[in-house]
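Novice: As a plain string of letters, each chain reads:
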Amino acid sequence: MGLPKYTEPHYRIWHYVYLFICGCVFFFLIAPLFVIFPLSFNAEEFLVITDGMKRLDPDAFSLRWYKDMVYGTKNPWGLAAKNSFFIAIFATIGAVILGTVAALGLSSRYMPYKGIIMATLISPMIVPLIISGVAIFFFMAKAGLAATHTGIVLAHIILGTPFVVITVTATLSGFDHSVTRAAASLGSNPVNTFIKITLPLILPGVISGALFAFVTSFDEVVIVLFLAGLDNTTIPVQMWTGLREQLSPTILSVATCLILLSTLVLVAAELLRRRSERIRGIRR
Amino acid sequence: MSSETQQILTTDGIPLEVSLKKVERRNKFKAFLLVAPLLLFLLIVYISPIIGMLFNSVDDRMVTNALPKTFIAMEKWDGKELPSEEVFEAFYIDFQKLIEEEKEGKLSTQLNYEKNGFKSIIKKLRRKSKSFEEGNYKEQIMGVHERWADVEYWRAIKRRAPSYSYSKYLKGVDMYQNEEGKFVQVEEDRRIYKKLWVRTLKIAFFVTLFCFLMAYPIAHLLATLPMKYSNLLMICVLLPFWTSLLVRTASWMILLQQQGVVNDFLVWTGLVADDKRLVMMYNETGTYIAMTQILLPFMVLPLYSVMKTISPSLVRAGKSLGGTPFITFWKVYFPLTIPGIGAGSLLVFILAIGYYITPELVGGASGTLISNMIAYHMKSTLDWSFASAMGLMLLAGVLAIYWIYNKLVGIDNIKLG
Chain L
0 MGLPKYTEPH YRIWHYVYLF ICGCVFFFLI APLFVIFPLS FNAEEFLVIT DGMKRLDPDA
60 FSLRWYKDMV YGTKNPWGLA AKNSFFIAIF ATIGAVILGT VAALGLSSRY MPYKGIIMAT
120 LISPMIVPLI ISGVAIFFFM AKAGLAATHT GIVLAHIILG TPFVVITVTA TLSGFDHSVT
180 RAAASLGSNP VNTFIKITLP LILPGVISGA LFAFVTSFDE VVIVLFLAGL DNTTIPVQMW
240 TGLREQLSPT ILSVATCLIL LSTLVLVAAE LLRRRSERIR GIRR
Chain U
0 MSSETQQILT TDGIPLEVSL KKVERRNKFK AFLLVAPLLL FLLIVYISPI IGMLFNSVDD
60 RMVTNALPKT FIAMEKWDGK ELPSEEVFEA FYIDFQKLIE EEKEGKLSTQ LNYEKNGFKS
120 IIKKLRRKSK SFEEGNYKEQ IMGVHERWAD VEYWRAIKRR APSYSYSKYL KGVDMYQNEE
180 GKFVQVEEDR RIYKKLWVRT LKIAFFVTLF CFLMAYPIAH LLATLPMKYS NLLMICVLLP
240 FWTSLLVRTA SWMILLQQQG VVNDFLVWTG LVADDKRLVM MYNETGTYIA MTQILLPFMV
300 LPLYSVMKTI SPSLVRAGKS LGGTPFITFW KVYFPLTIPG IGAGSLLVFI LAIGYYITPE
360 LVGGASGTLI SNMIAYHMKS TLDWSFASAM GLMLLAGVLA IYWIYNKLVG IDNIKLG
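In order, the protein sequence lines correspond to chains L and U. Each residue of the first sequence is one higher than the one before, starting from 0 at the first, in numbering that gives the first Met the number 0. Each residue of the second sequence is one higher than the one before, starting from 0 at the first, in numbering that gives the first Met the number 0.
With the rest of the complex left out, here is chain U:
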């Protein structure tokens, strides 16, 4: 503002600009105050535990806590030759304590992750250590099994010394860090997680594709039919949308089982012989079929809401200018529906990639996804830090897609129902 113009003052004598800014600040604060309760609630109960998972996933204190004295003694060991008697003695004392607490099984599982072959030698050590005499533990431990005299195994223990490690992330992509600190892939027949990631992406991609191929025609029909028909047909989309996921999965289980309705029908029509009923459940096929039907409404609704806004006169204009129906569709109508396709596809893909319930029930061994593996490690193996690491890797992928979605579609444009 130039110095010539006089500053406008309010009745209180404060410059108007300052006064307005103050009011705006107050309004900002008021608006923020309204959002604050929910934001705070989410931060405490939801966001912070997710960030906590980050610590869980690198938390490797199990071995560190199990062998405290050993690791202190190992600090001086350079790792080139076999450790000294001091280390062996510390290891023996730690190990006796573990046996008292009945925790040596856990240790052997953990060390076996690091190097194969620990399980049997720890079992053997447990049996033999009862009759150990005092002193010269190095000789006695090495006498239990030849692997105890192998420096590789002691190096493997030393590698587990730090309380924090990213080994779980490496394990999540079938890799590990070898003795020289290089990243290497695990043996061919032990690679399971990479396959699972690929399968998850593949299933999510194809489910999205199938949903798109099925949703496009019906969304178009719903958007172009007169109201009274389209409302009726809309029920076919909305009723499954509102129905319990488990109910829908249950109905697919009934339909797809070997004595189920679909197989009955195929046998009745003679397409399939009675003794060669198709196996459509507890495999990948089941996952594909059920997930496509369950996620279909999430594709139809965004497509429909975009198609509804496209004026029919555009297509008529295209035709009147000499375009055949196919050309007009491809050149005029289809490009206008791309925002809907993007919104629907991203939504379905995000939902599909993290699906758990349906694959678990109808997927069997070949149709399960990464979520099922996370649940398995949470509930069965209790390797929570690995479950956290896998979960965070999945989350990173989902958030990346979410970010793209937000850029392309805008999060406030999500349509519900």
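Extracted from the complex, chain L is given alone in its bound form:
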């Protein structure tokens, strides 16, 4: 961002100070993520940057912690990864179906008590996780679903639906309802209209809601800590235990993989957002 030639010197200085501050904040935001990469390739067992690494000595780097992550003895990560994906996938499916259908109803102009219902549906996002955890734990314990995959999936559906509701209602707010009326006037039944007309148009919103729901479930630890038994451990729970007990470099290898995963999700979310804006005709 260039400054006009006539800018007075003290404003010029202020402008560079401002840019410097912004640079520092961006650094503060992003740098902590990058400290994980080099350390996950550490040949030593310590979580510090060794002298060898500073000299870029190839012997100071190794893949041993990645090997440990995959092949390690009494390796918990395999089971954790399997559980995490299983739970996240089913929680996402549940959240997307319930959330999308609810969003369709909420976007209807006939919807009664819209404000209070919307506030209720969004509440799992606002209520502190520890309280949701306690409440859901009480319910699942009574229902006999504690320490089962079903219980955790149900809990994660609760946490995921607000995101789906928000993204889909946002997509529907720019939705031209005359297209569904046109379909109806041409003899299509409501279900057919939804599948053929509405769904393709709101799909970006649905998928980005699904991404949020997936990431929420995949990353969630508080509720799983309450609900999980030994067989339901997930990646975040393993990381949590590891971080509390001994900070081993294997955790950093897992963290690196998770950062790569979140990069993929970020790219997907960004592409979806653009596509959604194009479909809704919003141009910047």
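Each hint should be verified, as a subset may be incorrect.
Some chain L residues near chain U, calculated using beta-carbon distances under 7 angstroms [stated by the list, open to error]:
(1) Pro-31
(2) Pro-37
(3) Val-47
(4) Gly-51
(5) Val-100
(6) Ile-115
(7) Ala-254
(8) Cys-256
(9) Val-264
Rather than coming from a laboratory, the hints here were simulated on the basis of the structure. Think of the CB as a built atom: it goes at the ideal place given N, C-alpha and C, for glycine as much as any other residue.
Starting from the structure of chain L, add chain U where the hints point.
Specialist: Below, chain U alone, put in the same frame as chain L:
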């Protein structure tokens, strides 16, 4: 409608007004039917257990169930002088049953909450009661320890008679109800919860403030830069936003530890001596630093979306009318960004006040929040009714802010990503 105008009828002969109302009702019902599955699901699995916590928090049946006969016998006791032999006998029978079930330890913990000094005398009673003879239990129990002959202790037991009480809420703010039924604060050195509430509010407030101070300049930069640069910089905001919370906390643990990167850097620059490395983790500082970075995107995104809508020509107009850049910023630009500031601050504050994971990992003893205390009582002391009471107090605070948020920003205006 005046009687002169004829009612408009549909082809079926029904007045149009009635017919329209009927259609509207049907549409309302259809819309509601779509929302119903999710609403029902949330009501059963989520809302009702939260309401159930309300019952849990006042549930005080532990002592009532432990001493059933005692409380029946105590009904006739006026509480002025020592209870009669009847009460002592009932207490002895209840107590023997508890010893058989090995539950007398729980009772002593519960009674000790009510009045200090119960723990030791119950232990002593347990030992001595084995050699009790039948009859005249009053004398025998009073002979175990002088406190058993103190009417205060019997009053304390009687106070625990009702199955429901709000004592857990009082305990949550370091208060209790004394013998005369007045609310009093606990002794100075035993006040822990009030301190914790204050600390939670303080940390949430300052984290919100730090987030605001850091987010404002970069949101402004992102909103004013040309697309191709701002998209690139936006990644710096969105990548942490999408990254696992535990990964980010782990990276802060590596950075802030005594042999960590930040301390290494400070020693290398000579700002800090090698033997005086800063302690930035397992204390309040760690909580502040990590929580600010983790919650920063939640401040940047609402600010950015508001700033994006502010036309640059407004600032140009201000300048052309003779305002210096600072005046134009303060008088024109800043007021327009207030909705974004409100939205971002409330969101960050709500999230910060209930934070659990990060304080638990980097907070140590001085940097933990109320959530950590709730988890502690859920998992370690198993005092679930106290955990519920604390949780509901926190929830009440959060819902109040949520309500304000809804009024000011509108819940459907939450922007994601």
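Novice: Does the closest beta carbon of chain U sit nearer than 7 angstroms to the beta carbon of Gly-51(L)?
Specialist: Check failed: Cβ of Gly-51(L) comes no nearer than 14 angstroms to chain U, outside 7 angstroms.
Novice: For the hint on Ala-254(L), does the least C-beta distance to chain U fall short of 7 angstroms?
Specialist: Since chain U brings a Cβ to about 4 angstroms from Ala-254(L), closer than 7 angstroms, the hint holds.
Novice: Restraint: Val-47(L) near chain U, CB-CB cut 7 angstroms. Satisfied or not?
Specialist: Cβ of Val-47(L) sits 5 angstroms from chain U, so the hint holds.
Novice: Quick check on Cys-256(L) please, does its C-beta sit within 7 angstroms of some C-beta on chain U?
Specialist: With a closest approach of 10 angstroms, the Cys-256(L) hint is violated.
Novice: Less than 7 angstroms between beta-carbons is the criterion; does Ile-115(L) satisfy it with respect to chain U?
Specialist: 10 angstroms, violated
Novice: Quick check on Val-264(L) please, does its C-beta sit within 7 angstroms of some C-beta on chain U?
Specialist: OK, holds: Val-264(L) within 7 angstroms of chain U, min 5 angstroms.
Novice: Given Pro-37(L) as an interface hint, is the shortest Cβ-Cβ distance to chain U below 7 angstroms?
Specialist: 10 angstroms, violated
Novice: Tell me if Val-100(L) is really an interface residue toward chain U, meaning its C-beta lies closer than 7 angstroms to one of theirs.
Specialist: With a closest approach of 5 angstroms, the Val-100(L) hint holds.
Novice: At a threshold of 7 angstroms, is the proposed contact between Pro-31(L) and chain U supported by beta-carbon distances?
Specialist: 4 angstroms, holds
Violated hints for the displayed structure, listed by number in ascending order: 2, 4, 6 and 8.
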